[in-house]
Amino acid sequence: QKEVEQDPGPLSVPEGAIVSLNCTYSNSAFQYFMWYRQYSRKGPELLMYTYSSGNKEDGRFTAQVDKSSKYISLFIRDSQPSDSATYLCAMSGRRSNYQLIWGAGTKLIIKP
Amino acid sequence: DVKVTQSSRYLVKRTGEKVFLECVQDMDHENMFWYRQDPGLGLRLIYFSYDVKMKEKGDIPEGYSVSREKKERFSLILESASTNQTSMYLCASTPRRDSPLHFGNGTRLTVT
Numbered sequence: 001q002k003e004v005e006q007d008p009g010p011l012s013v014p015e016g017a018i019v020s021l022n023c024t025y026s027n028s029a030f031q032y033f034m035w036y037r038q039y040s041r042k043g044p045e046l047l048m049y050t051y052s053s054g055n056k057e058d059g060r061f062t063a064q065v066d067k068s069s070k071y072i073s074l075f076i077r078d079s080q081p082s083d084s085a086t087y088l089c090a091m092s093g094r095r096s097n098y099q100l101i102w103g104a105g106t107k108l109i110i111k112p
Numbered sequence: 113d114v115k116v117t118q119s120s121r122y123l124v125k126r127t128g129e130k131v132f133l134e135c136v137q138d139m140d141h142e143n144m145f146w147y148r149q150d151p152g153l154g155l156r157l158i159y160f161s162y163d164v165k166m167k168e169k170g171d172i173p174e175g176y177s178v179s180r181e182k183k184e185r186f187s188l189i190l191e192s193a194s195t196n197q198t199s200m201y202l203c204a205s206t207p208r209r210d211s212p213l214h215f216g217n218g219t220r221l222t223v224t
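For the record, the sequence lines run as chains A and B. With the first letter of the first sequence counted as 1, position 16 gets the number 16 in the working numbering; the numbers rise by one all the way through. With the first letter of the second sequence counted as 1, position 85 gets the number 197 in the working numbering; the numbers rise by one all the way through.
Hints were generated in silico from the structure; no laboratory data involved. All residues carry an ideal CB built from backbone N, CA and C; glycine is no exception. Do not rely on the hints blindly, as some may be mistaken.
[Said to hold, decoys possible] Under the rule of at most 30 Å between Cα atoms (straight-line distance), these lysine-lysine pairs were calculated in the DSBU-like manner: (1) Lys125(B) <-> Lys42(A); (2) Lys115(B) <-> Lys42(A); (3) Lys107(A) <-> Lys67(A).
[Said to hold, decoys possible] Here are some of the chain A residues that sit facing chain B, going by a computed Cβ distance under 7 Å: (4) Ser40; (5) Lys42; (6) Arg95.
[To be verified] To be clear about the criterion: a stretch of chain B counts as covered by chain A if any three or more of its residues have a C-beta under 8 Å from a C-beta of chain A, and this derived list gives those stretches: (7) 188 to 194; (8) 204 to 213.
Here chain A stands alone, though its shape is the one from the complex:
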């Protein structure tokens, strides 16, 4: 079983819809959670970063962590065609890039 599970999609939704992207994990020691966005033919870029449980909001994006269920989510409100990309979750037990565990990524398509 992988430490981090993420549905690869593709997830196709109409423009303006609320999008929910999710990852589940098995290691209860994970405390640092990240979402990276990767456009086609580009490297990933950090979108959201959260520590421990709770919500974090940044514009149209909300990251949510539920440690009791070992489940993290990224919500995108008022989705735009420019949000079409692959979204990767990453997590670790320590605040260190040396020990990140990555999900496989979910491909998101926003239809105009």
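Go by the hints and put chain B onto chain A.
Okay, now just chain B, sitting in the frame of chain A:
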């Protein structure tokens, strides 16, 4: 703006060849990383370096080596390329171990 440049976008090599993948960053970052990205598997860390001439194995170092003779350059070496090393290779850098990763746009290597 941080720039991480990978020398080749696409590379085709034959089985048994020695392959060099080059990565250069222009922001004087201490830490540099090599990942491979495969469908369904996400990003997997091959090697990282936290200083010139320093290197540490990641999760999948077998069949690879690295070189960091200058701070801005981190090279990934496939000593004898094999078909199972066909993949997308991503280089990243960061000033501190807990800072966001800055990725290059990747090198897609095909070994035939």
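Cross-check of the supplied hints:
Proposed proximity of Lys125(B) and Lys42(A) is supported: the alpha carbons are some 22 Å apart, at most 30 Å. This hinted pair checks out: Lys115(B) and Lys42(A) have alpha carbons roughly 12 Å apart, not beyond 30 Å. Proposed proximity of Lys107(A) and Lys67(A) is supported: the alpha carbons are some 24 Å apart, at most 30 Å. Interface restraint check for Ser40(A): the shortest CB-CB distance to chain B comes to about 10 Å, outside 7 Å, so the restraint is violated.
For Lys42(A), the shortest C-beta to C-beta distance to chain B is roughly 5 Å, which falls under 7 Å, so the interface hint holds. The closest approach between the C-beta of Arg95(A) and any C-beta of chain B is roughly 4 Å, which is under the 7 Å cut-off, so the hint is satisfied. Coverage of a stretch by a chain is defined here by at least three residues with a beta carbon nearer than 8 Å to that chain's beta carbons; for the stretch 188 to 194 of chain B and chain A the count is 0, and the condition is violated. Under the rule that three or more residues need a Cβ within less than 8 Å of chain A, the assignment of the stretch 204 to 213 of chain B holds, with 7 such residues.
The structure fails to meet hints 4 and 7 from the earlier list, while all remaining hints are met.
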